[in-house]
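Novice: Chains as they are written, first to last, in this note's numbering: chain A, 1 to 349; chain B, 1001 to 1470.
By construction, these hints were calculated from the structure, which means they are not laboratory data.
One or more hints might be untrue.
Stated by the list, open to error - Derived lysine-lysine pairs resembling DSS-like cross-links, with alpha carbons at most 25 Å apart: (1) LYS1250(B) with LYS1204(B); (2) LYS1440(B) with LYS2(A); (3) LYS279(A) with LYS126(A); (4) LYS1287(B) with LYS2(A); (5) LYS1417(B) with LYS1339(B); (6) LYS1250(B) with LYS1197(B); (7) LYS152(A) with LYS191(A); (8) LYS1287(B) with LYS1339(B); (9) LYS1450(B) with LYS1440(B); (10) LYS1212(B) with LYS1161(B); (11) LYS1229(B) with LYS1212(B); (12) LYS1197(B) with LYS2(A); (13) LYS1204(B) with LYS1260(B); (14) LYS1448(B) with LYS2(A); (15) LYS2(A) with LYS1450(B).
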Amino acid sequence: MKRTLMKGNDAVVRGALLGGATHFFGYPITPASEIAHGAADLFTRSGRTFLQAESETSAINMMYGAASSGARTMTASSGPGVALMLEGLSYLAGSQLPTVIVDVQRAGPGLGNIWPEQSDYDMCCKGGGHGGFHNIVLAPSSGQEMADFAHKAFDMADAYRMTVVILSDAYIGQMMEPVALPQDVRHGARKSWAVYGDEESRSNLISSIVMSQEGLANLNMELQAKYQRAARDLTDWEEEQTEDAQLIVVAFGITARIALTAVRMLRSEGHRVGLLRPKTLFPFPQERIAELAQVGGRMAVAELNEGMMARDVERAVAGRCPVSRYNWFGGVVPSAEEMVLRMKEDLDG
Amino acid sequence: MVKHAKPKGFYDVFERKSQDFPAGETTHYCPGCGHGTVHKLIAEALVDMGLQDRTIFLSPVGCAVFGYYYFDTGNIQCAHGRAPAVGTGVARSLDDAVVISYQGDGDLAGIGTAEIVHAANRNENMAVFFVNNAIYGMTGGQMAPTTLLGQSTTTSPLGRKSEREGGPIHMAEVMSALEGPIYIERCTLSSPAGVMKTRKAVRKALTNQSEKRGFSFVEILSPCPVGWKMTPVQSRSWMASSMESVFPVKRFRDEEAAPKGNGRLPFLDDGALRDLVGAVANEVPTKVSTLSQDLGVKIAGFGGQGVMSAGILLANAAIHEGLHTTWLPSYGPEMRGGKANASVVLSSDAVGSPVVDVPQALLAMNGPSLDAFENHVVPGGLVMVNSSLISRKVERRDVRVFEAPVSDLAAEAGFLKGANIVMLALFALESGVIGIQTLKEIIPKSMKNKDLVEINLRLVDVAEEFHGRE
Ligand SMILES: Cc1ncc(C[n+]2csc(CCOP(=O)(O)OP(=O)(O)O)c2C)c(N)n1
Ligand code: SF4
């Protein structure tokens, strides 16, 4: 396959179109705007639909309408915009509508700045909006994965009737890498529950209202069962030299790329270090992390926030070994050399 | 007027209602409520016009939240105020659907003002029925954006006062300020004649909708006896005496609009889509080079010197050589006219970190770049200096230095902007990580402006000559 140099923000649009996306509703925000630019061009030229909404609130509700009508629909934004979509995410979850959101994370809180952070982790992985719900959260760490994850996200969203969040960051989005685009073009099938404005679907209702307590309890249990099914079937991660590692770094997205170099550097000096990179953040590879948490070993969580994923890792490790936290924020991205220094402290300590 | 037989277009039995409330035969609305009347007018019109199968009815949040109990059509329940955005998504997905957004005044004129204004302005294919009862019915009679001055509600107990709360918002007039809508009318349910006019307006809007002529907006002044603390009879006379003088009942716009196309281009099939996005199969790399270690290159200069595009060329050349690569821009406000730099990593293996803090090679296009990055270069690394713009010498003794007046060389060849190409070509020659031939093959492929290919290839020759002389 031909590898073409492209930005992650470009790869994700192309992957999504090949994955069957037909409707993109967006609102510009750095560092995600390039996705809207690409979608405006390619969705329009391919006879799909691109529409710039008046706000992220409207964009997510346009997606609610398109998904209700059986379309494969998506948007892309960054923290401040995704925050505005949380109301819609909750309604999508309650109505069990499939959609795809790309969050190209920037640094916060507030307007913050446009450098990378991974501080939308909690917002995206813990549901984010009101009520008890979750999104499937994929964490690409390369341009290739931006394309591949977008390509499979729509099948996943349809299968689980859930929102799939592709949780990227300013570097993964704006970096250029060689990407081999997927070859098979997917299409969404007709959905038995959607409203198509025809006789067959006339009796269908898209709603998140359940007036009885028992009925709503049942819906909640149905959602939880779905999340457990997702945990069983979708949990995905990658390991690098964890077999004999005394120190295993857990990292996702751009941080995992930096950690990979750090692991290679330390291995070349003979240190037994490894990397576990979650490719899904919800469901989270907690069982594998628990398995790897050896007495006598050590884990470290490297992330561009104040310790959001570390809390999930610590819960999985449950005290079996020490867990260090390597945190950077404000848009500060460590070099591999800095990561090596932190890891050496742990190896010595 | 309001017959008690179940209207056509409603479900025979309100099964969804009977799951939530006892007595599935009647609506959940209070006696004398206008919602029931408007529902009936819409439902009967849908049947008479044969639109039930095509219709998707959007319920708002408000007393009409349970619209889906009654309308025997496709139904979507929406978040508070968002129905026009939801309707936009539906209308953009289903060319033939009849989209109805039914909203109250809190929903449409309060929390959902952005959604309604922009859906109207875009002239979305939908019919909006706006039930203006000057109050928040569902949540307990609070002030609405349409509450009249002097009207007391649970959140304006002393009466709405313009100094305190501002005056009522006139949505039909707001709609009239927009170019999008093709049909705007305000009706009233205060009298049987008003109901008949409303019936007509509903049918007009639905005709527009079924013929896909664009956005129709029907505002309906409607009684809320419970919220107003009046009897149904008092309510209707208050509407006639007070509401209608504030909200004039009239037709604001009725345009002869032609059916509106969807504006979409032809839907590309799989093959054409693959071509468009560049999902090209089976191109085997011509070469597979190897590097003994990862190579981090920092190309730095000021905005406009082409450091970003030089980086992209380098990365493309690396792909051509069968290497793995990343290109990372230093973006942000500093890019505009200020400093710019690109980090490129070349590797035989999948690249880990794309961040180049300790470059093996620095390509400094101007003085500030050398100042900023000289000390970061790895001992034994390569520092390439644009001596046209950098008068000082490299201070480090533990790096290899290559100086070239690349700006002058490019200017002499007649293309100052190509200094980046001269620098890159010299880097290729000096480092050996990419072949000069590769660069020559890549330039025509990756330059968007084909007029510049020739001059850039000439600049590669200029670099080769210079390098030969050195
Ligand atoms: C985000 C949000 N805020 C507040 C509410 C509570 N709420 C429900 S209905 C309503 C007012 C509805 O008033 P209106 O649109 O005038 O409709 P009516 O009940 O008068 O028909 C409010 C504020 C809500 N459901 N969602
Ligand atoms: S509260 Fe008012 S708007 Fe709501 S159902 Fe009763 S009368 Fe109608």
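Novice: Which of the listed hints are not met by the structure?
Specialist: 8, 10, 11, 12
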